[in-house]
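Novice: Please construct the entire structure, taking both the sequences and the accompanying hints into account.
2 protein chains.
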Amino acid sequence: MAESMGRVTLPSEAGFLKETREIMERWGADALRDSDGTKLDEELKALDAKIYTTYFVARGHNEFAKEHMEECQQLYLMSKRRTAFAEELEVSFMDGYFREQVIPDYLHDPKRWWEVIDRTTGEVVPVGQWEVDPARHVVRITAVPFHEYTVSFLVYAIWDPTQMYNHITNDWGDRPHEIPFDVRQSSSGQFAKDYLVQWLKDNPSVDVVRFTTFFYHFTLVFNEQAKEKFVDWFGYGATVSVRALEEFERKYGYALRPEDIVDNGYYNSPFRVPTKHYLDYMDFVQRFVAGKAKELVALVHAAGREAMMFLGDNWIGTEPYGRYFGEIGLDAVVGSVGGGVSLRLISEIPHVKYTEGRFLPYFFPDTFYDGNDPVPEARKDWITARRAIMRKPVDRIGYGGYLSLAYRFPAFVDFIETVTDEFRTLYEKIKGVRPYCGLKAAVLNSWGALRSWQAYMVAHELRYKQCYSYMGLMESLSGMAVDVSFLNFQDIKENGIPDDIDVIINAGDAMTAYSGGEEWLDPALVSRIRKWVYEGGGFLGVGEPTACHANGRYFQLADVLGVDKELGFTLSTDKYFTMADPEHYISADLRGAHWNDRRDLPPSEARGRYQSADTSGFDFGESMRNIYATEPDTEIIEYSDGEVHAAAHPYGKGCGVYLAGLPYSFSNTRLLLRALCYAAGKQERLYRWFASNPACEVHAYPDAGRYAILNNTAEVQETAVFDGDGRKTDYRLAPGAILWESIQEW
Amino acid sequence: MAESMGRVTLPSEAGFLKETREIMERWGADALRDSDGTKLDEELKALDAKIYTTYFVARGHNEFAKEHMEECQQLYLMSKRRTAFAEELEVSFMDGYFREQVIPDYLHDPKRWWEVIDRTTGEVVPVGQWEVDPARHVVRITAVPFHEYTVSFLVYAIWDPTQMYNHITNDWGDRPHEIPFDVRQSSSGQFAKDYLVQWLKDNPSVDVVRFTTFFYHFTLVFNEQAKEKFVDWFGYGATVSVRALEEFERKYGYALRPEDIVDNGYYNSPFRVPTKHYLDYMDFVQRFVAGKAKELVALVHAAGREAMMFLGDNWIGTEPYGRYFGEIGLDAVVGSVGGGVSLRLISEIPHVKYTEGRFLPYFFPDTFYDGNDPVPEARKDWITARRAIMRKPVDRIGYGGYLSLAYRFPAFVDFIETVTDEFRTLYEKIKGVRPYCGLKAAVLNSWGALRSWQAYMVAHELRYKQCYSYMGLMESLSGMAVDVSFLNFQDIKENGIPDDIDVIINAGDAMTAYSGGEEWLDPALVSRIRKWVYEGGGFLGVGEPTACHANGRYFQLADVLGVDKELGFTLSTDKYFTMADPEHYISADLRGAHWNDRRDLPPSEARGRYQSADTSGFDFGESMRNIYATEPDTEIIEYSDGEVHAAAHPYGKGCGVYLAGLPYSFSNTRLLLRALCYAAGKQERLYRWFASNPACEVHAYPDAGRYAILNNTAEVQETAVFDGDGRKTDYRLAPGAILWESIQEW
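Chains as they are written, first to last, in numbering that gives the first Met the number 0: chain A, 0 to 745; chain B, 0 to 745.
Hint data in this document are derived by calculation from the structure and do not stem from the laboratory. For clarity, every value in this text was computed on a predicted model and none was experimentally measured. Careful: at least some of the hints might be erroneous.
Treat identical chains as interchangeable: a pair holds within one or across any two.
DSBU-like, lysine-lysine: derived pairs with alpha carbons at most 35 angstroms apart [unchecked claim]:
id	residue 1	residue 2
1	Lys564	Lys492
2	Lys17	Lys250
3	Lys574	Lys464
4	Lys439	Lys17
5	Lys200	Lys275
6	Lys250	Lys226
7	Lys530	Lys49
8	Lys652	Lys79
9	Lys530	Lys226
10	Lys652	Lys228
11	Lys275	Lys250
12	Lys564	Lys275
13	Lys530	Lys79
14	Lys226	Lys110
15	Lys17	Lys430
16	Lys574	Lys564
17	Lys110	Lys574
18	Lys492	Lys79
19	Lys228	Lys530
20	Lys652	Lys49
21	Lys681	Lys79
22	Lys564	Lys464
23	Lys492	Lys192
24	Lys564	Lys250
Specialist: Right, dumping it as structure tokens:
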């Protein structure tokens, strides 16, 4: 029996009434949901719980869709690059695409809507120099020999990507392919509303309509072997249509080219510094999605139900941190929690009454099978997310999958009973109370607030070699006593740097949207930041911050950071600054002790190779090559293999700090906290609401008169804890413990 | 007593007659030279040997120089980058320079000859917005706050860099500083000739005037602590003068800006893709140097002596592989040998009667001290250079330093006796005989033939982290049975690819002169190379070949190479090609066996970190990150850490091959040989004149009817040897042995 009740959503399934009731009581659940592959029966719906039901807007209605195939969703795709070996080149543009997913759009004139590009010159091939052969799906080009060509072409999507993925993965055989239709088109737009009205009438016991999701799926394209070819969880690829392009031109006063969408085959990946055209197009789609979703949500409300949005699948254009999201009028957002970053991504979403996190593991046979213990994964997910919850809680937690499967693992049921109680306890203590933040940091990249907590993600936070050394920065921040905001370059250019920011963070590989690329060639931007640092601000660069080779520099703020990257052009210049300071403030907690890093925690499973060659405690992940100190007053914190990997540099009253990479670990979280304090010139802040042991953390809520001490591991930990006045007390914490204390007045 | 005589130059010193005669006999020396710090006396000069005497043209005549300080050599220097923190900025432009080496030129109007640049915008600051204060060596700039500024200014050099280096290093106290004067100026030009005429009269026993060297020292600038600040062995920095700039403008029809020389502070390092202006300036200097040197050489010849040039020090503008070098009329060039690359750099120099290599170790106390054995270094130097000598011998070898020091090490004297005999023997056998070359390779970079055998060098072939993985390519080639030529991009654009080339090699870091940077955006160039490969050519890329991000590619010939580098923009695209072929032709000799690599051989002392994590035998040195296969038919040869490091890719009838780096080792020399054979589609060539053991090599001279088998180690080696028809014989070779065999006719 739960010690408290509520704020927990349980998946259930038909014919599982008694056990559902038992687990509801033990976990204190107050809502029931269906899942992929499960349905709730009437007995379950009659229980004393809110009933969530998954609702698909733009798929799952083939009877309608088949009558309106001209309203299928569309994408611009780029053919493979093909080299002309003679003066005529045939490009089989569908090569490499999955014909069960997409078919060429020959309804609209290819000469108007397609584009053939000479990728050797970058020039568009005049339409008079190519012909389409629809019978063979071939474009015949009058070519320059040994130039490479691509064809950008419109397709209709005839299979919803999520259903396609599940269908193929689970071998669903001849189950019909769900056809995705585009609500921008007149029949589909009308159908979506009409169907919802009727559905609400037909499903009176549903309390919460769980939109999964609205109109446009993130870009997910399969190859000819029915395997994933391209996946961009943020991609607007499937929002395109001739109608959309025509409306865009009317509203924005200029026409988009196919290349604005295809973008060299990069398809405007979030790693690309976004073009003005692409930002306009995103704005255009967001406005449409918000307006249309608002209509559906209004229907839900009119029927006396709640509207909840799933953060994923057909979420494109909702942009929960965007300027139109509030207009939709949603009651709630639910999303999957894989760690602190995705927790904050959900919990910080504005304009909703509540947020819900779906925790791992999903109750599926890949985890819940005989001989496996699901508790460690559940503990890992919980403990990792918990530190982010302490900063900004979701309002509810929940699970998904087959409850009957989970029920067969009593230790798991026991464990989740403690988790749900712990969640409710902490929620009651901290909800609406501003946590103590010792510092205020702004993450500066091309996306800014629009993509809060979404930086560096490929697919939905998969581990990628090129990303984990930056994702660790976000994961560390997600549970840190630091107020985190997100700025883009335009924000600074237009409004300057907000007064209360202590540290600006710029982190990423060169020329990506996360470091900013050519944005750094804007003299107004760099001089504004220099001035701000000079007057006392902190600037933390990770990886290749401010990188764009020009004017004798690679890091455009090398003067602030005190380091630059050797590209080969200054090898003739002697580099004398190679002595690291073994006593530096920033690396103080790496010395001597070695914590039990990563043994129990995702998302960076393996130490970078750097670490293996070095027992100093530093771990820069993929790290960065050929960084050197440019100034005699650069404080080198780590130097090895002829390179600087960590440094600090005074600049006026302010400071630049450089780190070569920051995969997530307790040690690196501490390193980051110290780096932020140091950059801000607020070193003394460290010992306020602070646990000496990096495996533990303190979260304080002065307005509520309490603080919590967390053990972030599955082992016993000992730590000194410093309160808000720096008074020290020693603690011994049970595995995974969270200990609440009252703030003592002097 | 030597078995043969001649082709050896001995350093000697006054008062060492008897021992000199003894060593001359044992080593078969036929020439005597002085060295830094030694003089030959009349008794020595009377011996039966040619007498070489070091001759300085543009230094060492302070009595003249002090009378003509306005004719001192000049340089353009760039101040440190200084940030304006207010609307006025003072730049102490001499900060960081050594005032005993350079002084500002206030004789010529700074407003005309200097340049102040806003490095934040890249724009030149109008001369009305800055003033020079000569009393304080300060430029006062009306600045934009928080922009960075530099001052490019003219200085006079008042201390010859080589003498300065020796003076400071050896603590020569108040010995006068030798003032470098500029023979372009009228008095200095006349003096240089007059003095030589008189000197030749005064030194009748000198047979060979060893010019050390002509007029302009390579760029070597010291800092305020009298330590090296900038060194570019290829740099034209010290050739500048107001007079030169004015003459340039008259001849080339446009004026150079200071920035044409200063180049963002990179000073046109050879790693920079050269600008048209810099190439014009080099041409201008070369024409002057050739013309002026020709006058001096004519005086030497008129006096019945030989003129020899030292390859180094004041060699700038001679460009031994340039278009004007032949006009000088030199008899000989002598240079220092540090390995196979520098041996070929000397031995391939055209337009001279003979070349001489000065071998290591120099007879100086740093090697010749009690308790140290100089033989291993001597053996290492000899064996390393020997494989290059087998391809193209120098005509003479020699040593330098204090003979009296070397004489105290009898084992060393014995060893050099064997070396000198071995040299004469092989020279007699191969001089003028074309060695068998199984393949013809062209190294393609921005410098081409002008800088034959000079790629990747910083200072004079020092080991640099950023270079050794490419230097290894050159070192491997220097002793390989491959005909090596050098092409620049203009050569190909104007004349196409020479018919007989088997493989084009493009190797280097992105955007450097060695990979070529934006040259690869020329459609004519890339399509020309594609066509050539398509029709059967081979293209070997090392590091970041053809790299310049544009049109959706980083490697512009990714289609040929079958690999590209992930910059972050295509992370959304699935990469399925990750399986390496463990049986690939190119890596065949890395499997199983491990040779005694590097234990006995420079120049890459340490294995790259890659190797330590991998026992497969691959060693890519610094290697390259995030390379992936782009095509299903890319043959992956090595894949680790989520990256491709070696691959091959068929392209029409030709082939592209990619290697992530190639530090010098026996294994990598073999890997390279196989890569070249494979790229050329001439795999069968491998087993012609071939030793199965990579520690051994075979050099064949069909026209002379003989071949040599070399053991390149200090240990016994066993190997199978394949002759020109592929017939196999087993050998056991003594340490360092060279075994001569006759070619058997069938």
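Novice: Hints first: check each against the structure and report whether it holds.
Specialist: Checked hints:
Taking the closest pair of Cα atoms, lysine 564 and lysine 492 come within 35 angstroms of each other both inside a single copy (26 angstroms) and across two copies (33 angstroms). Taking identical chains as interchangeable, the C-alpha atoms of lysine 17 and lysine 250 are never at most 35 angstroms apart, the minima being 57 angstroms within one chain and 99 angstroms between chains. In this assembly of identical chains, lysine 574 and lysine 464 lie within 35 angstroms of each other by CA distance both inside one copy and across copies; the values are 30 angstroms within and 13 angstroms between. Taking identical chains as interchangeable, the C-alpha atoms of lysine 439 and lysine 17 are never at most 35 angstroms apart, the minima being 50 angstroms within one chain and 82 angstroms between chains.
Taking the closest pair of Cα atoms, lysine 200 and lysine 275 never come within 35 angstroms of each other, the shortest separation being 44 angstroms inside a single copy and 77 angstroms across copies. With identical chains, the CA atoms of lysine 250 and lysine 226 are never at most 35 angstroms apart, being 38 angstroms at best within one copy and 65 angstroms at best between copies. Proximity of lysine 530 to lysine 49 under the C-alpha cut-off of 35 angstroms is found in neither arrangement, the shortest distances being 55 angstroms within a copy and 69 angstroms between copies. In this assembly of identical chains, the alpha carbons of lysine 652 and lysine 79 lie at most 35 angstroms apart only when taken from different copies (21 angstroms versus 53 angstroms within one copy).
Taking CA atoms no more than 35 angstroms apart as the test, lysine 530 paired with lysine 226 passes between copies only; the shortest distance there is 34 angstroms, against 51 angstroms inside one copy. With identical chains, the CA atoms of lysine 652 and lysine 228 are at most 35 angstroms apart between copies only, with a shortest distance of 29 angstroms across copies and 50 angstroms within one. For the homomeric pair lysine 275 and lysine 250, the shortest alpha-carbon distance inside one copy (15 angstroms) is at most 35 angstroms, but the shortest distance between copies (47 angstroms) is not. In this homomeric assembly, lysine 564 and lysine 275 come within 35 angstroms of each other (Cα to Cα) both inside a single copy, at 29 angstroms, and across copies, at 26 angstroms.
When the C-alpha separation of lysine 530 and lysine 79 is checked against a cutoff of 35 angstroms, the pair qualifies only between copies, where the shortest distance is 19 angstroms, while the shortest distance within a copy is 47 angstroms. For the homomeric pair lysine 226 and lysine 110, the shortest alpha-carbon distance inside one copy (31 angstroms) is at most 35 angstroms, but the shortest distance between copies (67 angstroms) is not. Taking the shortest alpha-carbon separations for lysine 17 and lysine 430, only the intra-copy value of 33 angstroms comes in at or below 35 angstroms, while the best inter-copy value is 98 angstroms. Within a single copy, lysine 574 and lysine 564 get their C-alpha atoms as close as 12 angstroms, and across copies as close as 29 angstroms, so both meet the 35 angstroms cut-off.
Proximity of lysine 110 to lysine 574 under the C-alpha cut-off of 35 angstroms is restricted to the inter-copy arrangement: shortest distance 32 angstroms between copies versus 58 angstroms within a copy. Proximity of lysine 492 to lysine 79 under the C-alpha cut-off of 35 angstroms is restricted to the inter-copy arrangement: shortest distance 28 angstroms between copies versus 39 angstroms within a copy. Taking identical chains as interchangeable, the C-alpha atoms of lysine 228 and lysine 530 lie at most 35 angstroms apart only when they sit on different chains, with a minimum of 30 angstroms there against 46 angstroms within one chain. In this assembly of identical chains, the alpha carbons of lysine 652 and lysine 49 never lie at most 35 angstroms apart, being 56 angstroms within a copy and 68 angstroms across copies at closest.
With identical chains, the CA atoms of lysine 681 and lysine 79 are at most 35 angstroms apart between copies only, with a shortest distance of 31 angstroms across copies and 53 angstroms within one. In this assembly of identical chains, lysine 564 and lysine 464 lie within 35 angstroms of each other by CA distance both inside one copy and across copies; the values are 21 angstroms within and 13 angstroms between. Taking the shortest alpha-carbon separations for lysine 492 and lysine 192, neither the intra-copy value of 42 angstroms nor the inter-copy value of 63 angstroms comes in at or below 35 angstroms. For the homomeric pair lysine 564 and lysine 250, neither the shortest alpha-carbon distance inside one copy (44 angstroms) nor that between copies (39 angstroms) is at most 35 angstroms.
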